[in-house]
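Chemist: Here the structure of chain A is known, so what remains is to put chain B with the ligands in place on it, guided by the hints.
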Amino acid sequence: MAKRIEISGLHAYYGAVHAIEDISMTVEPRSVTAFIGPSGCGKSTFLRTLNRMHEVIPGARVEGKVMLDDEDLYGSDVDPVAVRRVVGMVFQRPNPFPTMSIYDNVAAGLKLNGVRRKSQLDEIVERSLKGANLWNEVKDRLSRPGAGLSGGQQQRLCIARAIAVQPQVLLMDEPCSALDPISTLAIEDLIAELKSQYTIVIVTHNMQQAARVSDRTAFFNIAGTGKPGKLIEIDDTSKIFTNPSEKATEDYITGRFG
Amino acid sequence: MTSEIDVGQRTDTAGNGRAGGRRMSTGRLGDQIFAHSARGSGVVLLAIMAAIAVFLIWRAVPALRANEANFLTEQEWNPNATPPVFGIAQLAFGTLMSSFLALLMATPVAIGIALFISFYAPRRLASGLGYLVDLLAAVPSIVYGLWGLHYFGTKMDDVGRFLNDYFSWIPLFGGDSVGGRSLLTASVILAIMILPIISSITREVFLQVPTANVEAALALGATRWETIRMAVLPFGRSGMISAAMLGLGRALGETIAVAMVLSTASGISIHILKDGGNTIAANIANSFAEAGETGRGALIASGLVLFVITLIVNMGARAIVARRKEFV
Ligand SMILES: Nc1ncnc2c1ncn2[C@@H]1O[C@H](COP(=O)(O)OP(=O)(O)O)[C@@H](O)[C@H]1O
Ligand SMILES: [Mg+2]
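Heads up: the sequence lines are chains A and B, in that order. Position 131 of the first sequence, counting from 1, maps to 131 under full-length UniProt numbering, and the rest follow consecutively. Position 100 of the second sequence, counting from 1, maps to 100 under full-length UniProt numbering, and the rest follow consecutively.
It is worth saying that the hints were derived from the structure and are not from the lab. Even glycine gets a Cβ: it sits at the ideal position worked out from N, Cα and C. All clues stand as given, with none of them false.
Pulled a few chain A residues facing chain B out of the computed Cβ check, cut under 8 Å:
#1 93
#2 98
#3 109
With the rest of the complex left out, here is chain A (with noise of 0.2 Å):
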């Protein structure tokens, strides 16, 4: 199920500007790749390129290749909302749908996908809200909104609506900037049990959770303000966190700047 990702020479602009540069690595399928890097220098734009993201805002557009095993997602036949059923993602900040429920928010990627049949969609919500760690607090009272829960909790419910829909890989942008120690606890652990399923691709700016959850570390940085970000290097977390290929690399983890 888990696919490999294969981008090369993708830049991305926001109009006239000029957002990311020539960027080109592979995504292994079943692993865990971190994005660090410096504020601004492109991490989000880079990840939203992936699953088409993108292109939905004014103006925004894509340029090079990205190929989930051998299909190329920017494809001149390829519809951008069959891309986001297969590659899902989940927001900095947790967003769950407002006016549904925890049930109707799991549910609400499996309606898209035709899933009609309640016994159906009762199993596929509760997989997929214990895969998410979420289960227990919530089983007695799924049909609460699910913006009444903590934020930990309304990110978990993010993610089991992401992956309630069994997607290849799964995009997550800085998804425990925005909680707390535990609950930022609970995720990485939770990364760490999908990764057997999923392809996931993980921004953070936090260098120890890199450290922690990612088998693979890709480096991006930029050369000053109003420049295009870079990817400056990516290989083994391992390598990456002791003895990276780059100097750049080398000072920003070391805390010398950034």
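Modeler: Frame of chain A; chain B with the ligands shown alone:
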């Protein structure tokens, strides 16, 4: 004289003392001025409303006393006859019928326009279209009345005949003496008149939908329409209900356009294609000038009924909005 000065000084000292005691809470004086003026305007508003209500009731009661018929159930409106015979039944029916029909026609169209402008139209077209719809609100109602009477009504004559010929099995479209000066014509004109307010408020509501929710739906692989159904419409639900109620309020109270279009004929009839029908507001506009003492009192009484109807409609809308408060 002395005591006044004394009071003034005391207040002053008290004020100073408080300011001295709580240096930290800056802007305290501003807070107080604001609180008092807000409370003051609230009281004044209530007082004005109470005064209006008292005046209206005071004027209405003698006419209601003189009335030979039951004001609530009588269909005729002859307050100037001797003895006076008048009742609100037909007028209230015509008011509610035309307004609800107008709402029924206007709301889906208005929401459709708002959706198109907010989510589908290219940006340049969107702003032009929005402007055009808002312009509909700037047309004076007398113009709608003239247009309805001399142009649109004659077209509706044919439409009415067509509906009557083929759909008379639907009770609303049954009956005879079908014509262009019918409740349906009035309803369509009312619908056009309330369209802009519903549409522009709905657009405002759509602007409030958090991007995060829209992106959540898109990222799940929702199409544009699915995104609207998932994130936009549920979020905008209470706002759209409020918009519709504002429109309904306008339709209930619309006077001159309806008064010009309808050819007054008496009797409650659900046959909306028939010439005739009347509404409370239109009746007031038509009859006030030539009404006598009792006639004016009777019209004022009918105005009070309109006020109560509007109040009930608004409370109903609030109840609907409040029912799902838990979910936004
Ligand atoms: N919606 C947008 N419109 C215009 N520019 C944007 C937008 N979002 C991000 N940018 C710009 O793109 C660059 C990369 O931003 P982002 O991808 O959010 O960086 P990061 O996630 O690494 O902090 C920044 O210079 C930022 O100002
Ligand atoms: Mg970011």
